[in-house]
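2 protein chains.
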Amino acid sequence: MRSHYCGDLRKEHIGQDITLSGWVHRRRDHGGVIFLDVRDREGITQVVFDPDREASFALADSVRNEYVIELKGLVRARPEGTENSEMPTGAIEVLGKELVILNKSDTPPFQLDDHQQVGEDVRLRNRFIDLRRPEIQRKLRFRSKITHYIRNYLEENGFLDIETPILTRATPEGARDYLVPSRTHEGHFFALPQSPQLFKQLLMVSGFDRYYQIAKCFRDEDLRADRQPEFTQIDIETSFMDEEGIMGITEQMIRGLFLEQLNVDLGDFPRMPYSEAMQRYGSDKPDLRNPMELVDVADLVAGVDFKVFAAPATDPKGRVAALKVPGGAELTRKLIDDYTKFVSIYGAKGLAWIKVNALENGAEGLQSPIVKFLGEDVALQIMQRVGAQNGDLVFFGADKAKVVNEALGALRIKVGEDLNLLTQEWAPLWVVDFPMFEEDNNGGLTALHHPFTAPSCSPDELIEAPEGKLSRAYDMVLNGTELGGGSVRIHDQVMQRAVFKVLGISDEEAEEKFGFLLNALRYGAPPHGGLAFGLDRLVMLMTGSASIREVIAFPKTQSAACLLTDAPGEVSAAQLRELNIKLRKTP
Amino acid sequence: MRSHYCGDLRKEHIGQDITLSGWVHRRRDHGGVIFLDVRDREGITQVVFDPDREASFALADSVRNEYVIELKGLVRARPEGTENSEMPTGAIEVLGKELVILNKSDTPPFQLDDHQQVGEDVRLRNRFIDLRRPEIQRKLRFRSKITHYIRNYLEENGFLDIETPILTRATPEGARDYLVPSRTHEGHFFALPQSPQLFKQLLMVSGFDRYYQIAKCFRDEDLRADRQPEFTQIDIETSFMDEEGIMGITEQMIRGLFLEQLNVDLGDFPRMPYSEAMQRYGSDKPDLRNPMELVDVADLVAGVDFKVFAAPATDPKGRVAALKVPGGAELTRKLIDDYTKFVSIYGAKGLAWIKVNALENGAEGLQSPIVKFLGEDVALQIMQRVGAQNGDLVFFGADKAKVVNEALGALRIKVGEDLNLLTQEWAPLWVVDFPMFEEDNNGGLTALHHPFTAPSCSPDELIEAPEGKLSRAYDMVLNGTELGGGSVRIHDQVMQRAVFKVLGISDEEAEEKFGFLLNALRYGAPPHGGLAFGLDRLVMLMTGSASIREVIAFPKTQSAACLLTDAPGEVSAAQLRELNIKLRKTP
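From first to last, the protein sequence lines stand for chains A and B.
Per the numbering used here, the first sequence runs over residues 6 to 592.
Per the numbering used here, the second sequence runs over residues 6 to 592.
It should be emphasised that the hints constitute simulated quantities derived from the structure, not laboratory data.
Computed from a predicted structure; not experimentally measured.
Even glycine gets a Cβ: it sits at the ideal position worked out from N, Cα and C.
Be aware that a few hints might be false.
To be verified - Keeping only pairs whose Cα atoms sit at most 25 Å apart, straight-line, the calculated DSS-like set for lysine-lysine is:
hint, chain 1, residue 1, chain 2, residue 2
1, B, 587, A, 587
2, B, 587, A, 590
3, B, 109, A, 506
4, B, 16, B, 102
5, B, 77, B, 102
6, B, 360, B, 377
7, A, 518, B, 16
8, A, 518, B, 109
9, A, 221, B, 221
10, B, 377, A, 587
11, A, 221, B, 150
12, A, 109, B, 354
To be verified - Now the in silico label distances, taken between C-beta atoms and shown as ranges:
hint, chain 1, residue 1, chain 2, residue 2, range
13, B, 472, A, 180, 47 to 55 Å
14, A, 88, B, 249, 35 to 43 Å
15, B, 429, A, 549, 53 to 61 Å
16, A, 81, B, 249, 43 to 51 Å
17, A, 95, B, 266, 27 to 35 Å
18, B, 280, A, 106, 30 to 38 Å
19, B, 249, A, 154, 27 to 35 Å
20, A, 161, B, 331, 44 to 52 Å
21, B, 250, A, 88, 28 to 36 Å
22, B, 127, A, 523, 12 to 20 Å
23, A, 161, B, 119, 34 to 42 Å
Input sequences plus hints: build the corresponding full structure.
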């Protein structure tokens, strides 16, 4: 029903008889002639109908926006002066000869060009119309290209695409599972996988050597702009390869992807230990496009008569850090108040600051509510350490290290964006040398990644002093977003039991939850490791999308009514009976 | 940890120092020397350890089957007379120099070579070991190659890979849905999709033009050898293309796949109307490798004094058909009795037969319990019509057409296999011109495919006399298996409502179930259609697998205990409370 896509017509087609099929994007009546902008996946072409072809002119006159038409016509140059250099097809137009209306359209709930004037709710409720917007089409096509590139790269490198089950048992990622009642095993439920983690490890034990899957994963969490309860993971696992090998092969994949699709060379990814990332950026996924860094000043303020600084400066779990904002002296009092509110979200009790007006005047040249508490000497020592210059502003965080890192880490990002401080477009890195464990809320230890991550020490060393032990995990970070994360896994059952022991998981519980993995480790598990990338995030980053709803075709939304195709439906009493389930009365 | 895969070593590597990693497939102690067969994904290599390298010899002596090792060694020619031409690596061996045991293995529950001696239950329970078998590895790798080929083909032809949701509303395929209780919408459930049918139609309405997805689908049905509750579909949909276009592009895909992966040219696929397939083969997915055909003889027996034949011969819904079995006169009475039992599964009340011993003697040369009822003339006329020759046997089916088709259709397959009558290795075809509707059990009509299939007539014609109207559906059949099926869809809301009317679906019900599709049809839906292939079946056919369990990594089985990783688990009372669900007491 077409010889060309609308968007593909160029000067070289002039003189050709062609057939197009698509949607009426716009219809104009101008000087006794009908102009139809006809749209398909590839773009828009202008078609002209003259009154001397009566039948098709009358039809063209009758069409409305979003009608579906098929037309035959002749490609010709646009009359001089009417070329449109902003349209890829702007040098030509089609003289319409025959027209068929394939389907009519009621007046759509919104015109594609007016999508910004209607609320997102309306657009989501009419998703099939919103998906017609060239911008969304472009993003979903880009997503398809990304997955295709990645599949080709992985296939060329010997990775096998192997499907793992969706209906499975609860997996150990720790988020809430979606449960699926089983009809044949009464009172039992399947769980939807939070990741194929255990299955891919079993595939390594089975000797498949290199596995990948672009896999749907599920977490029953509340929705956010960058999170959907079902999301897609580029899931990779290899055997007989250490962290260098795995990081190398996946770094090449992402570099190749950016080079091919965006013509961007990301260069070699720097590596940064977790501890350095926290120290310098207050984050384990630092955005290195942002030049600001957290600078420790605890030693300088430990002795001052200012409890707010001195107390955390002498607390082993405390931190006092400074964040220099280049040119920040221009920030208004109002903005500083806003930032103070902002850091309070992260638990900071205040936000001390010093403006550097004229360093040549010593402490006189500093403007600040706290210099009088710190003392002039200390204030100047701090200015020197952070390398402050006239016109800068220095923020302070003083609290438990966790609070300081989170508050100043977030403030750094926010100020960097507000003041346009970013120095480059792309800044990738690997964060490595993660701690194996972190403290949980009950004073126990919990796995920072997951309990199958290999520690960098022996089982005995691990059990003896688990705090501070590092793991063989690695995260790929791009522009402050964690693109992917992974680790070398435990392939030794002694080590696996040691980790369970530290985590306070009893033998019985381990057997119950992970028995099939422990069992597999007994029968010749090879050294193995892998990585999982969040595909949705990758596409968002590469397409510059602020919301995940722009990069998946049928998103879920907070309100069930919002997207009919995805709203959960009611089930009948008969269905519940068959599942042997009763709904409780709402209290 | 390796320079080569074990299975890749050949004569040209002789003289090279190499590193291998893999599993000890077998260990032999022979003439004071240790032989290890080392296995990885690519195959097996023989490694020899001499006693003069003491350390590695001692280690090699200590390894057992399924230990994971890394070794360095020298590739050399096998001593003359010890080459093994049945192994791809049989011309060489590796002289082991250094050996590291990467992981030990307990004695496995079964040895890979002995898998046939243990029950399938044991193998499924230890799936990670069963998956090590070269045969299963080969099949799963082949599956990966198939999907890769298909993705490349579709991408080259402009199809976009677009993901559709797994957590969605009930879809209209008619099988039982898996339900997922929603935590945020109390008392409501998601359904897992039986296919992405409605989503892909919405994508066409959105203008994506060509869509594909290798999609997980779910049906809560009981397990069978060729059926899993979650299965994988190669899902395709296009716009502005009629059935010729869609069949053409997908036929090319399957032909290309067979050519590239199996070096088989399937040739042009013949087309056969549904009615002809039922008439000649009693099946809508005829196996054309089998030369036998059903031949109607109702007109010959309508007048005989033998009710068993005469009644269905004169019943408009009846059928009397003959199935000639070449060389079947040799079938024993016992075998014929078995076939009689076999057809009774399909509702046949008996299985009449005539053996052709000596046609030159007329009816005298026929051996049969029924010739006396038919009369000699009629018997001979039938023999002539079916082209019977000496040594043949002719079976008869006489009943409702449905019973005759199913019984003789199945018998045809069975006898063809039993007597090795198949004439070729591959026999593809398209079955076309399906009826739009079939009778349901209550005397109403139900859609033969699904209610979005376009009829070949106008809405008015459809409503006036729906019985006997054809649809624009098509099935691709290979060797008696339905590989894929699809149709041109309804893109016109008037037609869609006409079909719902015939199916007895009220406006209200249509709105409730398919409102979002009906709504989309109002706003410029393009002509579109598509197809879905069963990937699991395709892989089974191409790898010659009898069970789906051989072509998926982690199958589910009837017994929950059978495959621990897939068994549904118990959930806690707290989880149920959160979902506001109560389990009923078992009655």
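Review point. Keeping to a limit of 25 Å between CA atoms, is the pair of residue 109 of chain B and residue 506 of chain A held or broken?
Key: 22 Å, holds
- Range hint compliance [Cβ, residue 95 of chain A to residue 266 of chain B, 27 to 35 Å]: Since the Cβ atoms of residue 95 of chain A and residue 266 of chain B sit about 45 Å apart, the hinted range of 27 to 35 Å is violated.
* Quick one: are residue 88 of chain A and residue 249 of chain B within 35 to 43 Å, going by C-beta? -> Since the Cβ atoms of residue 88 of chain A and residue 249 of chain B sit about 38 Å apart, the hinted range of 35 to 43 Å holds.
Would you check the hint for residue 360 of chain B and residue 377 of chain B, treating anything up to 25 Å between C-alpha atoms as holding?
14 Å, holds
**Asked** Could one say that the CB atoms of residue 127 of chain B and residue 523 of chain A fall in the range 12 to 20 Å?
**Response** This hint holds: roughly 18 Å between Cβ atoms.
Requested in this report: Indicate whether the distance between the beta carbons of residue 249 of chain B and residue 154 of chain A respects the range 27 to 35 Å.
Outcome: Given about 33 Å between the Cβ atoms, the range holds.
Restraint check for residue 587 of chain B with residue 590 of chain A, where alpha carbons must lie at most 25 Å apart:
Status holds; Cα separation ~10 Å.
- Message: Next pair to validate is residue 221 of chain A with residue 150 of chain B; report whether the Cα-Cα distance is within 25 Å.
- Response: 21 Å, holds
message = Just to be sure I understand the hint, the distance between the Cβ atoms of residue 250 of chain B and residue 88 of chain A should be within 28 to 36 Å; is that true here?
response = Roughly 34 Å apart at Cβ, these two residues keep to the hinted range, so it holds.
Margin query: Need the status of pair residue 77 of chain B, residue 102 of chain B: alpha-carbon distance at most 25 Å?
Written below: 6 Å, holds
>> Verify the CB-CB distance for residue 429 of chain B and residue 549 of chain A against the hinted window 53 to 61 Å.
In response: 56 Å, holds
Does residue 587 of chain B pair with residue 587 of chain A here, judged by a C-alpha cut-off of 25 Å? 5 Å, holds
The structure fails to meet hints 7, 10, 12, 16, 17 from the earlier list, while all remaining hints are met.
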